[in-house]
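S.K.: Those protein sequence lines, which keep their order, are chains Y and E.
Numbers given in the working numbering equal positions in the first sequence, counted from 1, plus 326.
Numbers given in the working numbering equal positions in the second sequence, counted from 1, plus 326.
Hints listed in this document are in silico derivations from the structure and should not be mistaken for laboratory results.
One should not assume that every hint holds.
[What the hints assert, rightly or not] Residues from chain E that keep clear of chain Y, each with C-beta distances beyond 10 Å, as calculated: (1) 499; (2) 523; (3) 624.
[Unchecked claim] The list that follows gives simulated cross-link-like pairs (lysine to any residue, SDA-like), each with its CA atoms no further than 25 Å apart: (4) Y/641 / E/633; (5) Y/329 / E/633; (6) E/641 / Y/703; (7) Y/413 / Y/650; (8) Y/558 / E/358; (9) E/329 / Y/641; (10) E/329 / Y/362; (11) Y/654 / E/559; (12) Y/654 / E/413; (13) Y/641 / E/420; (14) Y/656 / E/555; (15) E/405 / Y/541; (16) E/633 / Y/541; (17) Y/641 / E/358; (18) Y/504 / Y/641; (19) E/656 / Y/444; (20) E/656 / Y/504; (21) E/420 / Y/686; (22) E/413 / Y/557.
All residues carry an ideal CB built from backbone N, CA and C; glycine is no exception.
There are 2 protein chains.
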Amino acid sequence: MIKQLLLAPGPTPVPARVRAAIARPIIHHRTPQFGQLFGRAREGLRELFGTASDVVTLSASGTGAMEAAIVNCFAPGDKVLVVNGGKFGERWLKLAQTYSLVPIELRVEWGHAVKVDDVERVLGENPDIRGVLIQGSETSTTACHPVEQIAALTRTRDVLLVVDGITAVGVYDVPMDKWGIDVLVTGSQKAMMLPPGLAFIALSDRAWQRAASVCQPRFYFDLARERASQAKNSTAYTPAISLIFGLDEALTMMREEGYPRIYARHARCAQATRAAATALGLKLLAPDSPSPAATGAFMPEGVDGGKLHGYLRDKMGVAFAGGQDHLKGKILRIAHIGYMGAFDTIDAVAALEMALRHFGHPVELGRGVGAAQEVLMSALPD
Amino acid sequence: MIKQLLLAPGPTPVPARVRAAIARPIIHHRTPQFGQLFGRAREGLRELFGTASDVVTLSASGTGAMEAAIVNCFAPGDKVLVVNGGKFGERWLKLAQTYSLVPIELRVEWGHAVKVDDVERVLGENPDIRGVLIQGSETSTTACHPVEQIAALTRTRDVLLVVDGITAVGVYDVPMDKWGIDVLVTGSQKAMMLPPGLAFIALSDRAWQRAASVCQPRFYFDLARERASQAKNSTAYTPAISLIFGLDEALTMMREEGYPRIYARHARCAQATRAAATALGLKLLAPDSPSPAATGAFMPEGVDGGKLHGYLRDKMGVAFAGGQDHLKGKILRIAHIGYMGAFDTIDAVAALEMALRHFGHPVELGRGVGAAQEVLMSALPD
Numbered sequence: 327m328i329k330q331l332l333l334a335p336g337p338t339p340v341p342a343r344v345r346a347a348i349a350r351p352i353i354h355h356r357t358p359q360f361g362q363l364f365g366r367a368r369e370g371l372r373e374l375f376g377t378a379s380d381v382v383t384l385s386a387s388g389t390g391a392m393e394a395a396i397v398n399c400f401a402p403g404d405k406v407l408v409v410n411g412g413k414f415g416e417r418w419l420k421l422a423q424t425y426s427l428v429p430i431e432l433r434v435e436w437g438h439a440v441k442v443d444d445v446e447r448v449l450g451e452n453p454d455i456r457g458v459l460i461q462g463s464e465t466s467t468t469a470c471h472p473v474e475q476i477a478a479l480t481r482t483r484d485v486l487l488v489v490d491g492i493t494a495v496g497v498y499d500v501p502m503d504k505w506g507i508d509v510l511v512t513g514s515q516k517a518m519m520l521p522p523g524l525a526f527i528a529l530s531d532r533a534w535q536r537a538a539s540v541c542q543p544r545f546y547f548d549l550a551r552e553r554a555s556q557a558k559n560s561t562a563y564t565p566a567i568s569l570i571f572g573l574d575e576a577l578t579m580m581r582e583e584g585y586p587r588i589y590a591r592h593a594r595c596a597q598a599t600r601a602a603a604t605a606l607g608l609k610l611l612a613p614d615s616p617s618p619a620a621t622g623a624f625m626p627e628g629v630d631g632g633k634l635h636g637y638l639r640d641k642m643g644v645a646f647a648g649g650q651d652h653l654k655g656k657i658l659r660i661a662h663i664g665y666m667g668a669f670d671t672i673d674a675v676a677a678l679e680m681a682l683r684h685f686g687h688p689v690e691l692g693r694g695v696g697a698a699q700e701v702l703m704s705a706l707p708d
Numbered sequence: 327m328i329k330q331l332l333l334a335p336g337p338t339p340v341p342a343r344v345r346a347a348i349a350r351p352i353i354h355h356r357t358p359q360f361g362q363l364f365g366r367a368r369e370g371l372r373e374l375f376g377t378a379s380d381v382v383t384l385s386a387s388g389t390g391a392m393e394a395a396i397v398n399c400f401a402p403g404d405k406v407l408v409v410n411g412g413k414f415g416e417r418w419l420k421l422a423q424t425y426s427l428v429p430i431e432l433r434v435e436w437g438h439a440v441k442v443d444d445v446e447r448v449l450g451e452n453p454d455i456r457g458v459l460i461q462g463s464e465t466s467t468t469a470c471h472p473v474e475q476i477a478a479l480t481r482t483r484d485v486l487l488v489v490d491g492i493t494a495v496g497v498y499d500v501p502m503d504k505w506g507i508d509v510l511v512t513g514s515q516k517a518m519m520l521p522p523g524l525a526f527i528a529l530s531d532r533a534w535q536r537a538a539s540v541c542q543p544r545f546y547f548d549l550a551r552e553r554a555s556q557a558k559n560s561t562a563y564t565p566a567i568s569l570i571f572g573l574d575e576a577l578t579m580m581r582e583e584g585y586p587r588i589y590a591r592h593a594r595c596a597q598a599t600r601a602a603a604t605a606l607g608l609k610l611l612a613p614d615s616p617s618p619a620a621t622g623a624f625m626p627e628g629v630d631g632g633k634l635h636g637y638l639r640d641k642m643g644v645a646f647a648g649g650q651d652h653l654k655g656k657i658l659r660i661a662h663i664g665y666m667g668a669f670d671t672i673d674a675v676a677a678l679e680m681a682l683r684h685f686g687h688p689v690e691l692g693r694g695v696g697a698a699q700e701v702l703m704s705a706l707p708d
């Protein structure tokens, strides 16, 4: 038996309380019992998103909600600015292309945040841009984009700001209404402490208005239809009932902990991990705009990140995420989100130290752990 | 405490073994462990569908897989024959319209099966028809369509037969390859004894060929992309991992029982329910082509089916399904699929008798139960 630790940025560990809720016997979804439970969850989702609008629940992965954003808010031929700084920026680009939008790609070096000035410049050069597609946190590069500042640009223009918040919502504060985000998307398997299988999407008033005028065909992802059903605490199609049980429980847990404490916990674990990586002499992937969702670090010269990742997973029982595309084999990504605490961070750092030593890299065992502890101790009560 | 009985045609009860599997800690989906489990499930799905083709798993409700069938196999302007004999036939029609196909609607009176001759006639009159969209079992009317005979018509023509098997696959034998079905769709929450949230779709060789040439935009439901990922026991997007755990367990249970026994059990419970309804003087909704998935019966003159349905659910703890559209308040539907046995049927009939008596209908208590028992006893060992 090797006890398993799941420390990847999604799927993330699901607490026993939530798993017990998910294992409850199925009830029919067209019943007052389901309606009551779903109604409570809908309120919790509004709180999580920081919006007075409806948050629509979809039985799909986060990509389904990204697609819903595109097919509901944009028509073929619509010009959109796509911030592409990683695998998920690329996904916006592919979605935009698939549905015949006209994307203007703003490429950002992996590991970096987009510059607000660049966004402003492209918007200025293209007054016919109808939307900006961006990530809050780009999971593949562990970098955060300056969504609040970009929202300040879009909300004064006829430009919808569409944010993939899959590793942002619930990770750190992304107050949709306050910032003026038009479309905010997330998935269940990240900060929400749920298994994958649910996705969530909220639209601002002007995004709903846009959706009403857009004629891109849609059916399963028809948000107006879902919104109308969900306003009655029902769904247009049979929902993933077990996961909705879990959703209600997870939102209850989040409310119990309180969002400021959740955000501080994620930030602290991220800061501790960065301190540890630095103490171990590792180069951070996103030093200037690191996401609290996950920390990416380059592996030392001569260490094959792919082999290290496999060894950690298969021999040590520790699941991190590796790198994608040109970062494959070069980096490791360590998550801090959802059902995670100080000791998950300590385990992550300790495992990394041991694996690096195993692959011949000179490591003073405990050095990174100590650096993490220094940060984590700041949260201990007096 | 009122002990709850779920006797509706989906969602259906989930066995404790499956619920326990679903409650297991999450593992990462890009791991050999997940791959092994998913690979085993993929084999089980082939057996369930009766196909040598790949069965693609989607994180969505059954409607998502219906949409996938449309957007992968048909282009705008393609003429399709839609057999519309209930709410789900109507769904095919709406999907076809949404994606700009040219549907020829063959309306069938609710509660009846389509006539094979009518299908043949319409195909003869419209040699440019590219597909037939039909239900195996039309859940809203509890009627079965003659899919095998229609497949005999389509497989000799350049016409894809697309079957919504959501209350057919696993309910009775629908051997995809043997009959020559081109696209077969099902959902997790019916005969498969799983919660809602997964959908499954298989394509024949010629349907895959068609899909390769069709340019209808698709992304989340791009079946070629999913098939390529799933061939490696992975998925294009994060799958509903907990439900995949349950899928593996449920398919194991189905294999243990054996498909012929499962189909006989469903058929027997359906036959017993029909015998009971007849003994109680109730008129069957689909007397000529009843589905083994669920039995629909008209409520007696003077009994409000809606009130009876609510009373059963809220006061007796028994969830049946009511009628939809013009059948609202007029019928009751009792399911026989999935994790159901003889005593669920007996409970269903007993509950119905008691509720009818409560609403003033003269019922000899036990008369319907006795008729059901006569049928159910046939399966007892000597």
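S.K.: Confirm or reject each hint.
M.R.: Going down the list of hints, with the structure as the test:
1. No beta-carbon of chain Y is positioned within 10 Å of the beta-carbon of residue 499 of chain E; the least distance is around 24 Å.
2. Not every Cβ of chain Y is farther than 10 Å from the Cβ of residue 523 of chain E; the closest lies at roughly 3 Å, contradicting the non-interface assignment.
3. Its beta-carbon lying about 21 Å from the closest one in chain Y, residue 624 of chain E satisfies the requirement of being farther than 10 Å from that chain.
4. Restraint check for residue 641 of chain Y and residue 633 of chain E: not satisfied, since their Cα atoms lie roughly 60 Å apart, outside the 25 Å limit.
5. Restraint check for residue 329 of chain Y and residue 633 of chain E: not satisfied, since their Cα atoms lie roughly 53 Å apart, outside the 25 Å limit.
6. A hinted pair counts as satisfied when its Cα atoms are at most 25 Å apart, and residue 641 of chain E with residue 703 of chain Y does not qualify at roughly 55 Å.
7. With a CA separation close to 8 Å, the supplied pair residue 413 of chain Y and residue 650 of chain Y stays within the 25 Å bound.
8. The suggested pairing of residue 558 of chain Y with residue 358 of chain E is violated, with an alpha-carbon distance near 42 Å, which exceeds 25 Å.
9. Simply put, residue 329 of chain E and residue 641 of chain Y have alpha-carbon atoms about 47 Å apart, too far for the 25 Å limit, and the pair is violated.
10. The hinted pair formed by residue 329 of chain E and residue 362 of chain Y meets the criterion: a straight-line CA distance of about 19 Å does not exceed 25 Å.
11. The hinted pair formed by residue 654 of chain Y and residue 559 of chain E meets the criterion: a straight-line CA distance of about 20 Å does not exceed 25 Å.
12. Annotation: proposed proximity of residue 654 of chain Y to residue 413 of chain E is violated, straight-line Cα distance about 49 Å (limit 25 Å).
13. A distance of roughly 52 Å separates the Cα atoms of residue 641 of chain Y and residue 420 of chain E; the hinted pair therefore is violated under the 25 Å criterion.
14. A C-alpha spacing of about 23 Å is found between residue 656 of chain Y and residue 555 of chain E, which places the hinted pair at or below 25 Å, so the restraint holds.
15. For the suggested pair residue 405 of chain E and residue 541 of chain Y, the alpha carbons sit about 21 Å apart, so the restraint of at most 25 Å is met.
16. About 40 Å separates the Cα atoms of residue 633 of chain E and residue 541 of chain Y, which puts this hinted pair outside 25 Å; it is violated.
17. Using a Cα cut-off of 25 Å, the hinted pair residue 641 of chain Y and residue 358 of chain E holds, with the two alpha carbons roughly 13 Å apart.
18. Between residue 504 of chain Y and residue 641 of chain Y, the direct Cα distance comes to roughly 47 Å. Violation of the 25 Å bound is thereby established for this hinted pair.
19. The hinted pair formed by residue 656 of chain E and residue 444 of chain Y fails the criterion: a straight-line CA distance of about 63 Å is larger than 25 Å.
20. A C-alpha spacing of about 50 Å is found between residue 656 of chain E and residue 504 of chain Y, which places the hinted pair above 25 Å, so the restraint is violated.
21. Between residue 420 of chain E and residue 686 of chain Y, the direct Cα distance comes to roughly 62 Å. Violation of the 25 Å bound is thereby established for this hinted pair.
22. Between residue 413 of chain E and residue 557 of chain Y, the direct Cα distance comes to roughly 22 Å. Compliance with the 25 Å bound is thereby established for this hinted pair.
The structure shown violates the earlier hints numbered 2, 4, 5, 6, 8, 9, 12, 13, 16, 18, 19, 20, 21.
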